[in-house]
Amino acid sequence: QVQLVQSGAEVKKPGASVKVSCKTSGFTFSNYGVSWVRQAPGQGLEWVGWVSGYNGATNYAQKFQDRLTMTADTSTTTFYMELRSLTSDDTAVYYCAKDRSASVREDWGQGTLVTVSS
Amino acid sequence: QSVLTQPPSVSAAPGQKVSISCSGRSSNIGNNGVAWYQQLPGTAPKLLIYDNDKRPSGIPDRFSGSKSGTSATLGITGLQTGDEADYYCGTWDISLNPGFAVFGGGTQLTVL
Numbered sequence: 001q002v003q004l005v006q007s008g009a010e011v012k013k014p015g016a017s018v019k020v021s022c023k024t025s026g027f028t029f030s031n032y033g034v035s036w037v038r039q040a041p042g043q044g045l046e047w048v049g050w051v052s053g054y055n056g057a058t059n060y061a062q063k064f065q066d067r068l069t070m071t072a073d074t075s076t077t078t079f080y081m082e083l084r085s086l087t088s089d090d091t092a093v094y095y096c097a098k099d100r101s102a103s104v105r106e107d108w109g110q111g112t113l114v115t116v117s118s
Numbered sequence: 119q120s121v122l123t124q125p126p127s128v129s130a131a132p133g134q135k136v137s138i139s140c141s142g143r144s145s146n147i148g149n150n151g152v153a154w155y156q157q158l159p160g161t162a163p164k165l166l167i168y169d170n171d172k173r174p175s176g177i178p179d180r181f182s183g184s185k186s187g188t189s190a191t192l193g194i195t196g197l198q199t200g201d202e203a204d205y206y207c208g209t210w211d212i213s214l215n216p217g218f219a220v221f222g223g224g225t226q227l228t229v230l
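Sequences listed follow chains A and B, in order. Residue numbers for the first sequence follow the numbering used here, so the first one is 1 and each next one is one higher. Residue numbers for the second sequence follow the numbering used here, so the first one is 119 and each next one is one higher.
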């Protein structure tokens, strides 16, 4: 079955960077892309960006363009999201989700809590 | 401020039916399929409906979806206490190039 297993919780200071991993199995890695979606405490879902498992192409939400990097490692079937220059507003649970299409997040990871605090 | 508009909360009694609306515009719902997600407390979202009205394997037919113009609706019949969750609609928006994914603000369902 499809599985997306994310790395553990992180605590970072303002201005630092965080890198979250999403280890996948149960599907052909190069046939799909993964979206990253975040959820601040008590808030709704916010799309962060997308990365292709085929060629590593990316599409980032405008607000993250200058401090976000998403990558795909075919050798380990793992996706990564790195967010830099963190502020307290970045405190959230970050989810990776396998995309069925541009409009559909089909399978989700368990989430990674990133806390930004001085 | 979410791109898609949902009511903050809805409620109904066990066994009853409830509908959750999702309103957008031509650049998103008007031009792309809508998905619905269920998020039980403390868990990751789960896909309930995709392409407006299709159910993934394992999703009971108590859950249904529809779309008309720039709005979509999730229907749940035979409500159970286990249906208490937050529900989100989502789609793709083409108002920018490249496009981007958008979600509603979420609707909290209470089964009284």
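Incorrect hints may have been included.
[Claimed, not checked] In silico BS3-like cross-links for lysine-lysine, where the CA-CA straight-line distance does not exceed 27 Å:
1) A:Lys19 x B:Lys164
2) B:Lys164 x A:Lys63
3) A:Lys12 x A:Lys63
4) B:Lys164 x A:Lys23
5) B:Lys164 x B:Lys135
For the record, the hints were derived by calculation from the structure and aren't laboratory data.
Hints and how they fare:
1. The straight-line distance between the Cα atoms of Lys19 of chain A and Lys164 of chain B is roughly 24 Å, inside the 27 Å bound, and the hint therefore holds.
2. Straight-line distance between C-alpha atoms of Lys164 of chain B and Lys63 of chain A comes to about 26 Å, which keeps the hinted pair within the 27 Å bound.
3. Among the hinted pairs, Lys12 of chain A with Lys63 of chain A is consistent with the structure: their alpha-carbon atoms are about 20 Å apart, no more than 27 Å.
4. Between Lys164 of chain B and Lys23 of chain A the CA atoms are separated by roughly 18 Å; this keeps the pair inside 27 Å, and the hint holds.
5. Restraint check: the Cα-Cα separation between Lys164 of chain B and Lys135 of chain B comes to about 20 Å, which is no more than 27 Å; the hinted pair holds.
Every hint from the earlier list agrees with this structure, and none is contradicted.
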